[in-house]
Amino acid sequence: MTQERTADRPRVDAYEKVLGRALYAADQPIAGLLHAMTVPATIAKGRIEAIDMTAAQNVRGVVRIFTHEDFSQIKTTPAARGAYGQPGKGHQPMTSPVVRHRGEPVALVVAETLEAAIEGAEAVKVRYASEPFSARMEDDLASPEAEPDRQLSSGDAEAAFATADHRVDVEYLHPQQHHNPIELISTTAAFEDGELRIYEGTQAASAFAGGLAGMMGMDPTRLRGVSPYTGGGFGQKNGIQEQSVLVASAAVLLRRPVKLVMSRSQLFHTASYRPRSRHRVRLGADEQGRLLAGLYETVQQNGRYDGFACDHGANPPRMYGYGAWRGSDRIVRVDTQTPGHQRAPHEHPSSYATECAMDELAEAVGMDPVELRLANDAQSDPITGKPFSSRHLADCLRRGAELFGWSRRMREPGALVADNGDLIGLGVACGSYKASMTAAVTTLRLFASGRCDIATSGHEMGQGIRSVIAAELIEILGVDPTKLDVRIGDTGHAPQHITAGSWGTGSAAPAARGAALKLRDELSLLTGAPLSEEPVHVQLARTRRPSLEVTVNTIPLGKDAQVIEQLRRGIPSTTGPEYPDFMAFSWIAHFAEVHVETSTGRVRVKRVVSVADCGRVMNRRTAESQVRGGVVWGIGAALREAGETDPRFGGVLNNDLAEYVVPVNADIGAIDVDFIDQPDFKLNMSGVKGLGEVAMVGAAAAVVNAVYNATGRRVRHLPIRIEDLL
Amino acid sequence: MSDTHDRQPLEVTRRQVLEAGTIVSVSGLLPVAAQAQAPSPQPAPENGATVQVSFHVNGQPSALEIDARASLLDMLRERLGMVGAKKGCDHGQCGACTVHIDGRRVASCLTLAAKVDGRDVTTIEGIGRADALHPMQQAFIDHDALQCGYCTPGQIMAAIACVKEGHASTPEEIREYMSGNICRCGAYVGIVAAIEQAAPLIERS
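These protein sequence lines map, in sequence, to chains Z and R. Note that the numbering used here gives residue 598 to position 598 of the first sequence, counting from 1, and the numbers run on in steps of one. Note that the numbering used here gives residue 168 to position 168 of the second sequence, counting from 1, and the numbers run on in steps of one.
A portion of the hints provided could be inaccurate.
Claimed, not checked - Cut-off 20 Å, straight-line C-alpha distance, at most; resulting in silico cross-link-like pairs (DMTMM-like, lysine to aspartate or glutamate): (1) Z:Lys559 / Z:Glu534; (2) Z:Lys606 / R:Glu173; (3) Z:Lys518 / Z:Asp490; (4) R:Lys164 / R:Asp117; (5) Z:Lys518 / Z:Glu533; (6) Z:Lys518 / Z:Glu578; (7) Z:Lys606 / R:Asp102; (8) Z:Lys483 / Z:Glu549; (9) Z:Lys606 / Z:Asp667; (10) Z:Lys483 / R:Glu172; (11) Z:Lys386 / Z:Glu578; (12) Z:Lys606 / R:Glu172; (13) Z:Lys606 / R:Glu196; (14) R:Lys164 / R:Asp120; (15) R:Lys115 / R:Asp102.
Quick caveat, the hints were computed from the structure, so don't treat them as lab data.
This is chain Z alone, in the form it adopts within the complex (with noise of 0.2 Å):
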């Protein structure tokens, strides 16, 4: 029972992966399962006229064909895919002949097997009146949002600006990037033990349940959702999707279960994605390379009734101790699907942005970024004056630095040259996160076998947050982790907030923690003395009893017991940054190394170093994996990722794998990690910040300023591609 800070150990879930045993939500073994197909929309915009169904009906296997006359009974309701829980906003496609987005279902068949669904999918005919649309900010249509979404200031930036000794005023755009964890966004709806059971690899089992109750206009405890594994999420599943209603519905009716699993192409249309946007930043510094001023303004592309914010302008006001700020964040409204959370949804935009600033800022100044950075070091809050509860960025830098071997960089670009003649470029880049918390219930049991389990709230899409909660088991109870059950994502076990934003190890883990000291004091007041060094549940079995089972309610700082009742109903909770007496953030520095052949203007990102201020280390391996995890997508989005919109058709034309690229094995070289490992007692007992979204932020800008040091390019979209350094 040590501490152990920086445990080192195998995912506790590693063995059913490797074994193919772990089941997600299509996996699940459900007797008579009825496969289901949609029909998508082949318009932007419009309404449908007529449906013919006739030749599908005649698919030997089709058993129901769906349209919105059998769902005109669904309500949209602020838990609907769009909404972001606004009255108002939403859209639940097939409640009405109106189409608003090119993708959407406008019909749904289903059939005893799969290739039937599929031939009946094909066969429905469907006729449209089309209106006149826009797919793009750019385009005529498009509608910019009379005021701000958000606006900070600090003092007066455009002043500070103007007369500022070294000045950059640089835009950026950033395209639409597709989530694609490789598990398709599939619902099952099947009648177990008397209630609608819906397995959907969702984030957010609570919500996903209750929403889709409301909407169906059911009572919430009839209807149980199940996310036993997320096969990958990055935020894409962190609500209803467009096809959850629909497949709960169409079980409903048929009283048989049916299973839809959705195809890649059509999840480019109707699940989440990151929006485009375009960011302009202005940032003045003096002589020494002080920040005076910064001043951002962004402009994203966001669907037309959606209640997603635009939130970029958030953290680079925290990045450093800038004398003064000024930013805002527009959104422009077009007739496409709703856009949503995609890891780190504004912070790695607007990373990349103002990272790529202030290398451009250097340059202008004539200083090292690293000493830049430094230079621009804070451990207060220039927007509200508060200090950070902890920030370790600089200690970041220092090490990162050194692991890297910044040294070798050389100011001038291309001054690097490989043995094989690439230009070697070296960059860096910061980020940070907020540090946010959510609320649990937790009831953790202790057998006299030596038998655990725990059942509290959270989602298992590859974080390793079992992992998490076994630590905090293993390091209070000392409990056997292969005797352990971790039961998660299922509102059957316990209510289940949605885990993204970052909060699922600072939420679960001190969920964990909080039950693992009360069972360990209830223990000790059976025993009538303080527990030994035995095992647990050998101290339990000498006092005759079976079990010992505790629940614990975990507040996360800054909320009263109503959250408890919140998370109950579903409804999400989070807290942080902004806490009574402190802001609080993850922090982290990248270092990127990338070659570039100087014929084709191929770049190669060699090796990447980060390092992470997350607070205390819950796993250090988990931990390893998801800094790597979230540096790749770096390279994705700085080199491969982009969604190209169709501004004739409103779709999405590169809408599979081999078309939207993602990075693969052979793009990704070395990625060496490291961590400050300094618990945050300030926010939670157990110590612990956020990682998974930090892990990306920044990382991407590296790479870009990495290939600025290599070939003198200041290329300002992403990706980079081999015709922008030709």
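With chain Z's structure known, arrange chain R on it following the hints.
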């Protein structure tokens, strides 16, 4: 919109479900025994033109009549209940469905079920047991060569084949020959390390 089906708006069906005792709040008052869903034919009938296939999967003989359009992946997952191989794209672009046919790696989503007649199919379920992992499975655990685990069965099947093909002699070669398997969580560094560890323990074919 002509419709020969018996259309039931959702409201009606809620009543119908109430009768079955499933959903609406008052259904809690009904006995659990009344809460069964409608009976379904078992197994599901094959609908299109069918073909007979006989093959071995993980050493066990198997024979069935299947829709001629069905992929090997959909036969494994939807007919045989072997869900280790995963569907990530259904277009042969991601590798999550990788299995071996006669020892060679294939994308099972691009392989017609009919093509495995007379062949030996090996899936993730057939390479190791919980108490005796395949060296590649152990190496994936040791190097944390996975995160969400969804692409992992395909990665492991591809990795074993990569070694057997003789394409695991350097990290660069491993990266190249493992690039048909996308890991969106980004576990590539661990995957290369795992293959380097397991390669000497696996016989070349």
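**OP:** Verify the proposed pairing of Z:Lys606 with R:Glu172, using a straight-line Cα cut of 20 Å.
**Re:** 11 Å, holds
Original post:
Holds or violated: Z:Lys518 with Z:Glu533, Cα cutoff 20 Å?
Top reply: 17 Å, holds
Original post:
Holds or violated: are the alpha carbons of Z:Lys559 and Z:Glu534 at most 20 Å from each other?
Top reply: The given pair, whose Cα atoms are some 37 Å apart, is violated under the 20 Å limit.
Subject >> R:Lys164 paired with R:Asp120 [C-alpha distance capped at 20 Å] >> reply: 17 Å, holds
**OP:** For the pair we were handed, Z:Lys606 and Z:Asp667, check the Cα-Cα distance against 20 Å.
**Re:** 9 Å, holds
Original post:
Does the structure keep Z:Lys606 and R:Glu173 at a Cα separation of 20 Å or less?
Top reply: 15 Å, holds
Subject >> Pair hint R:Lys115 and R:Asp102, alpha-carbon separation not exceeding 20 Å >> reply: 12 Å, holds
Subject >> Distance restraint between Z:Lys518 and Z:Asp490, which requires alpha-carbon spacing of 20 Å or less >> reply: 23 Å, violated
Subject >> Satisfaction of hint between R:Asp102 and Z:Lys606, Cα-Cα up to 20 Å >> reply: Roughly 37 Å between the alpha carbons, so the hint for Z:Lys606 and R:Asp102 is violated.
**OP:** Take a quick look at whether Z:Lys483 and Z:Glu549 sit within 20 Å of each other, Cα to Cα.
**Re:** Measuring from Cα to Cα gives roughly 16 Å; hence the hint holds.
**OP:** Measure nothing beyond the straight line between the CA atoms of Z:Lys518 and Z:Glu578; if it is 20 Å or shorter, mark the hint as holding.
**Re:** 29 Å, violated
Original post:
Regarding the pair Z:Lys483 and R:Glu172, is the alpha-carbon distance no greater than 20 Å?
Top reply: 39 Å, violated
Of the hints listed earlier, those the structure fails to meet are numbers 1, 3, 4, 6, 7, 10, in rising order.
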